[in-house]
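Protein chains: 2
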Amino acid sequence: MSQELTIAVDVMGGDNAPRMVLKGANIARRRFPGVRFLLFGDEAKLTKLMRRLPRLRKVSSIRHTDEVVTSDAKPIAALRGARRSSMRLAIDAVRDGEAVGAVSAGNTGALMAMAKVALRTLPGIDRPAMASFFPTLKGESVMLDLGANVECTAENLIQFAIMGEVFARSVLGPLQPTVGLLNVGSEEVKGHEEVRRAAAALRDTRLPLRYHGFVEGDDIAAGTVDVIVADGFSGNIALKSAEGTARLYSEFLRQAFKSSPSARLGYVFARRALNKLRARVDPRRYNGAVFLGLNGIVVKGHGGSDALGFATAISLAVDMAANDFIDKTKSEIEKLDVEQQVPSQVVAS
Amino acid sequence: MSQELTIAVDVMGGDNAPRMVLKGANIARRRFPGVRFLLFGDEAKLTKLMRRLPRLRKVSSIRHTDEVVTSDAKPIAALRGARRSSMRLAIDAVRDGEAVGAVSAGNTGALMAMAKVALRTLPGIDRPAMASFFPTLKGESVMLDLGANVECTAENLIQFAIMGEVFARSVLGPLQPTVGLLNVGSEEVKGHEEVRRAAAALRDTRLPLRYHGFVEGDDIAAGTVDVIVADGFSGNIALKSAEGTARLYSEFLRQAFKSSPSARLGYVFARRALNKLRARVDPRRYNGAVFLGLNGIVVKGHGGSDALGFATAISLAVDMAANDFIDKTKSEIEKLDVEQQVPSQVVAS
Chain Y
135 MSQELTIAVD VMGGDNAPRM VLKGANIARR RFPGVRFLLF GDEAKLTKLM RRLPRLRKVS
195 SIRHTDEVVT SDAKPIAALR GARRSSMRLA IDAVRDGEAV GAVSAGNTGA LMAMAKVALR
255 TLPGIDRPAM ASFFPTLKGE SVMLDLGANV ECTAENLIQF AIMGEVFARS VLGPLQPTVG
315 LLNVGSEEVK GHEEVRRAAA ALRDTRLPLR YHGFVEGDDI AAGTVDVIVA DGFSGNIALK
375 SAEGTARLYS EFLRQAFKSS PSARLGYVFA RRALNKLRAR VDPRRYNGAV FLGLNGIVVK
435 GHGGSDALGF ATAISLAVDM AANDFIDKTK SEIEKLDVEQ QVPSQVVAS
Chain F
135 MSQELTIAVD VMGGDNAPRM VLKGANIARR RFPGVRFLLF GDEAKLTKLM RRLPRLRKVS
195 SIRHTDEVVT SDAKPIAALR GARRSSMRLA IDAVRDGEAV GAVSAGNTGA LMAMAKVALR
255 TLPGIDRPAM ASFFPTLKGE SVMLDLGANV ECTAENLIQF AIMGEVFARS VLGPLQPTVG
315 LLNVGSEEVK GHEEVRRAAA ALRDTRLPLR YHGFVEGDDI AAGTVDVIVA DGFSGNIALK
375 SAEGTARLYS EFLRQAFKSS PSARLGYVFA RRALNKLRAR VDPRRYNGAV FLGLNGIVVK
435 GHGGSDALGF ATAISLAVDM AANDFIDKTK SEIEKLDVEQ QVPSQVVAS
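As they're listed, the protein sequences go chains Y and F. Residue numbers for the first sequence follow the working numbering, so the first one is 135 and each next one is one higher. Residue numbers for the second sequence follow the working numbering, so the first one is 135 and each next one is one higher.
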């Protein structure tokens, strides 16, 4: 672990802020003894809450601001109006080199808009993307974009593939992650023009990227590839459809265990194993969504997350910084000459 | 139940055909005493297998053919080359008025291509769509399109909304089903141009259609609306993402119950309740996918389905015919004047 990494934290974002955020930072502090925190928010409140967190206090600096981006603020309005908000100041700290990454559980759209404007995209990347982890039969995989870009060109998808591959390599572990393009079938002729053009380019790429081919919606949970690349529209729908199904299954399971005295007894015996199952599909473990493709690390914690979830989001920012995610992405993108590689049209055979 | 409905069955389609198909038809026969079957396939094989199914034999006619559409056949090739296939002949029987609906567990792409060519779309409908049921927290809902149309205009989506609403009303039960458009957010400014244009038209429609607004991926399993309308790309990804997650959850649950002696014991006590849970999320119950918008009823059974799944697919065809699905759809579509209702552009405010 590299020493003296500083993480900027928007302490006022999220349903249970600021208490939940501080508790999350305190968990992260125990995980990463070398990390410092730059906390943006209401100084009086933070000082009071931190009386009970003296060790966190020691490794933190507080920067006071009264302004907060509300959860229902429109991105454009937040961008223009909330320049002194805890969220914006945390991002600005990354831009100014005071912190290696910013973490917020606040308004996603506002965070993305501010991060884009303040940090700008890396050279060679047209649009940033939102990425997150998914539990799979084989472990974990990464999917992007999850909703930042409703419409995507082949060039966008290729850039996402590179960003996602470097991210998986930096954070997930596999030395040579495999990459798939989300589509409605695995044959080359399937899908719309942009996804076919992106596939043609990735197939022929000279990048050291292990392109698997097209994957379908059920390949996400199957763990067929390490990185799933999608436009923001279908990526968001895949993510939320999976979340909804997991919730439905949990609820059906809860009802099943309440449906008879025998089932209730069965629950008592199986409880410990079922709690482990819950931890395995626990959204808190998959709680950090990250914005990739920017000149800086920005991690979004889930708005409704608890301290453990927020600690996971902070851990992700620390891991990315410690593994030089930004520099690695830059160097991969430099290897890509999009003009040369993307055919302008792919004819369905 | 209306009497003397005849269902055309492609007996040769599906992984376990023809045996599984005949067993499925036999289950459906018990459910619907008034229904007759027109069976297309290898006469020698069918006659032999049906020695054990004398009651099915009584209500069935066999039409011999040697030709079969293979599961890996390309739709266009099947369309041109397999005019005497069991699949094609079953569809032709619907076109010729010999049967009220056709059911096949064979190659989906070929079935759709043949159905489009042989039956053609209903007046006022540009493209057929594939629809299916989903289990939800509130019961069941219908989603379409699930992959027949990768790219959809606002006009397509509006037609899908009408077809889906009539389908839900005919088969699912609610007198006034609610309809939602699948999107990445619930605000009016979200999503791409076509989905926003469709929303604007559905909001202002004079049709007796209860338009709810945009829904997101997690609304599918939540049962927020009765009918979810999507383009075929995102609908297919939502469907398969949900299927993959359900499979992941089942597998994690199986592992949890094997993880300790206590958990194994718990499983013994809870087994009956868990089997009910399995039946509740059982894909066989949701096994019929239907092609809507055609001049005739065509139901697709899952390729890997068993007899019970195939019986569900037949039941769906019978229900649609008995509830005058085609005529009801025609009369709703006639009420729609698309030209007049769909704004050519919706400006994001």
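Check the hints yourself; a few may be wrong.
[What the hints assert, rightly or not] Below, in silico cross-link-like pairs of lysine-lysine (DSSO-like), each with a Cα-Cα straight-line distance of 30 Å or less:
(1) Lys272(F) with Lys410(Y)
(2) Lys208(F) with Lys324(Y)
(3) Lys324(Y) with Lys324(F)
(4) Lys208(Y) with Lys324(F)
(5) Lys392(Y) with Lys324(F)
(6) Lys272(F) with Lys392(Y)
(7) Lys410(Y) with Lys192(F)
(8) Lys324(Y) with Lys250(F)
Honestly, the hints are just simulated from the structure, not real lab data.
These are the hints, each one checked on the structure:
| no. | hint | result |
| --- | --- | --- |
| 1 | Lys272(F) with Lys410(Y) | 28 Å, holds |
| 2 | Lys208(F) with Lys324(Y) | 12 Å, holds |
| 3 | Lys324(Y) with Lys324(F) | 26 Å, holds |
| 4 | Lys208(Y) with Lys324(F) | 12 Å, holds |
| 5 | Lys392(Y) with Lys324(F) | 40 Å, violated |
| 6 | Lys272(F) with Lys392(Y) | 18 Å, holds |
| 7 | Lys410(Y) with Lys192(F) | 55 Å, violated |
| 8 | Lys324(Y) with Lys250(F) | 19 Å, holds |
Checked against the numbered hints given earlier, this structure breaks hints 5, 7; the rest are met.
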